[in-house]
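K.L.:
Every number in the working numbering is 71 more than the matching position in the sequence shown, counting from 1.
Errors might be hidden in some of the hints.
Label-pair ranges, simulated between beta-carbon atoms [claimed, not checked]:
| id | residue 1 | residue 2 | range |
| --- | --- | --- | --- |
| 1 | V138 | A232 | 27 to 35 Å |
| 2 | D128 | A232 | 36 to 44 Å |
| 3 | K211 | K175 | 33 to 41 Å |
| 4 | P155 | S97 | 19 to 27 Å |
| 5 | E174 | D128 | 25 to 33 Å |
Listed below are the simulated PhoX-like cross-link pairs for lysine-lysine, each with C-alpha atoms no more than 20 Å apart in a straight line [unchecked claim]:
| id | residue 1 | residue 2 |
| --- | --- | --- |
| 6 | K175 | K201 |
| 7 | K191 | K172 |
| 8 | K211 | K175 |
| 9 | K222 | K172 |
Note that these hints are calculated values from the structure, not bench results.
For each residue, glycine too, the CB sits at the ideal point set by N, CA and C.
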Amino acid sequence: MLKKAGFIICCLLILPIAQYCSQKSSEIYVNGGFEAKSSDGDNPEGWRVSGLSEMADYVEFRWDEEVARSGQRSVSIHIKEDFPEQNLGDSIVYYETKKFKYEKAKTYEVTGWIKTQNVKNPAFLEVQCKGWPKANEAWKVVKTYSSTGSKDWAQLMGSFARYKGRKDQAYFQIRVGIPLSKNEGSEVWFDDIQLRILDD
């Protein structure tokens, strides 16, 4: 009887561990902690910067070793105080991942952490999709915003799915960034970006 009870207890202990391992296996590696270096050693692996080239003198992209939510690094974007105010519309500067191809009939979750300083126009975490029904068409399936002002690390998250009937060549990218308009003197940090498949 004692042996049988012990076996049942062991099974109950192993089951949560097995479930946890199954959850971990659904994560897709994106170097969201920004620890791994690219082959040139100057940028985080799997990420690139993007924005208005004519504004390069006023925007600093940093692979930051002084501020991090976990690990040793984060990435940050700083818009300088002397940024020229002009009609920028919806112009943004951001980091983005490589392209990820959709897996059929899957639902994805993206999460990330953001820290802000003097932000007046909210920073964002978004997922940009492209590739259907025309190759040059794109739209956002996730866009979630930070608070304004100066705030410690806060989590942003969203989920999205590939809808039926879309082409196999469709792909998506994760972006983290900040609008240029009204954000002179602002800085924002991003860390611990994760991408998971929810329905294995």
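K.L.:
Indicate, hint by hint, whether the structure satisfies it.
P.N.:
Going through the hints against the structure:
no., hint, in the structure
1, V138 to A232: 27 to 35 Å, "holds (34 Å)"
2, D128 to A232: 36 to 44 Å, "holds (41 Å)"
3, K211 to K175: 33 to 41 Å, "violated (21 Å)"
4, P155 to S97: 19 to 27 Å, "violated (45 Å)"
5, E174 to D128: 25 to 33 Å, "violated (41 Å)"
6, K175 to K201, "holds (15 Å)"
7, K191 to K172, "violated (34 Å)"
8, K211 to K175, "holds (19 Å)"
9, K222 to K172, "violated (34 Å)"
The structure shown violates the earlier hints numbered 3, 4, 5, 7 and 9.
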